[in-house]
Amino acid sequence: MSAIDATERSNDRSLAASCAVLGAAVGIFGIAFGVGSVAAGGSVAMTCVMSLLVFTGASQFSAVSVIASGGSTAAALAGASLLAARNGVYGLAMSRTLRGSLLKRIVAAQITIDESTAMSSAQEEPRAARLAFWCTGLSVYVFWNAGTLTGALAGNAIDPEKFGLDAAFPAGFVAMVIPHLRHRSGRRAAAIGAVICAVTIPFMPAGVPILCASVGVLVGVKRP
Amino acid sequence: MCISWCAGGGKATMTWTLVLVLSAIAYACKVTGLVIIGGRELPEVADRCLSLIPAALVSALIVNSTFGGDDGIVVDARAVGVVAAILVATKRAPLVVVIVTGAAVTAVVRAIGLAP
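Just so you know, the sequences run in chain order U and E.
Residues in the first sequence are numbered consecutively from 214, following my numbering.
Residues in the second sequence are numbered consecutively from 14, following my numbering.
Isolated chain U, as found in the complex:
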């Protein structure tokens, strides 16, 4: 074994470890989702199937928070679908990194989410980028679903408001929005989205203000 191989292996190991830590952190969010979903009237089975199949945190939280605030299934679907659309954009970005068989890319599609895309695009080497994508995606998948099951089972027993878990949703969204505020157009889109939502909440059915907020993306029509 050459010295270069040894360095490469130790780099791979530390990259895989940070991907696993990221997955574990997301697992805590999975617990909050499980609790929130059961509190919104979902069964344990419904909640777990949602995490296994939908597997995109912001959309799932959005759907559950719309239902919890009294919105219809259609309103919940509409907002969650708009949020899910960004994974399509991540897929476009990842398609340059992820080559291989059709079957492999069909599996990769399910784990194309914020975390796997962010971890992968932070790597310089194409090989490390692929490793980061798969390690992060699979680790988040395992922890998110384990967390969902734990939260869904515990959710029957605990009062989410007593533990402030209703504030865990917006707090998580705060952490998720910050990377998008580094650019001027992101800050403007976020400000427009927040203001439109606040102004329309008193007049619109639950969930619809989030759809109205999508007007903020029109900031992108103008060249930066």
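Mixed in with the good hints there might be a few duds.
Said to hold, decoys possible - Below 16 Å or equal to it, Euclidean Cα-Cα: the simulated EDC-like pairs (lysine to aspartate or glutamate) are:
| # | chain 1 | residue 1 | chain 2 | residue 2 |
| --- | --- | --- | --- | --- |
| 1 | U | Lys-435 | E | Asp-89 |
| 2 | U | Lys-435 | E | Glu-57 |
| 3 | U | Lys-375 | E | Asp-89 |
Unchecked claim - If the Cβ cut is set under 7 Å, some of the chain U residues that face chain E in the computed set are:
| # | residue |
| --- | --- |
| 4 | Ala-287 |
| 5 | Ala-291 |
| 6 | Ser-294 |
| 7 | Asn-300 |
| 8 | Ser-308 |
| 9 | Val-320 |
| 10 | Ala-322 |
What the hints contain is simulated information worked out from the structure, not anything from laboratory work.
Quick reminder that beta carbons are idealized off the backbone N, C-alpha and C, glycines included.
Starting from the known structure of chain U, fit chain E onto it as the hints suggest.
For chain E alone, coordinates are given in the frame of chain U:
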């Protein structure tokens, strides 16, 4: 199963329809980007607008889940927790620390009776 299907007509609740339709939509989005149009070029303007979806929608979700209530805007203990979460998040704290701070501060504000 019947309970969830038949419970409609009145109070909103989670349904299998929501879970399964959202699953199909979410996977369709992922597979469209990565497999179907992956590698092709989009018009630059569409690319720019799509990349702003998370900024616009996630900030709206923050407002909605912080102040949303049965009667329009409600300011309660959640607002204090979210301000604490913003302070921690701008110090580049990891996701889990931000979430735990938001929840813990909200729980404490409620426990000492400062806000509902």
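Against the structure, the hints come out as follows:
no.	hint	in the structure
1	U:Lys-435 <-> E:Asp-89	38 Å, violated
2	U:Lys-435 <-> E:Glu-57	11 Å, holds
3	U:Lys-375 <-> E:Asp-89	13 Å, holds
4	Ala-287	9 Å, violated
5	Ala-291	10 Å, violated
6	Ser-294	5 Å, holds
7	Asn-300	5 Å, holds
8	Ser-308	3 Å, holds
9	Val-320	10 Å, violated
10	Ala-322	4 Å, holds
Checked against the numbered hints listed earlier, the structure breaks hints 1, 4, 5 and 9; every other hint is satisfied.
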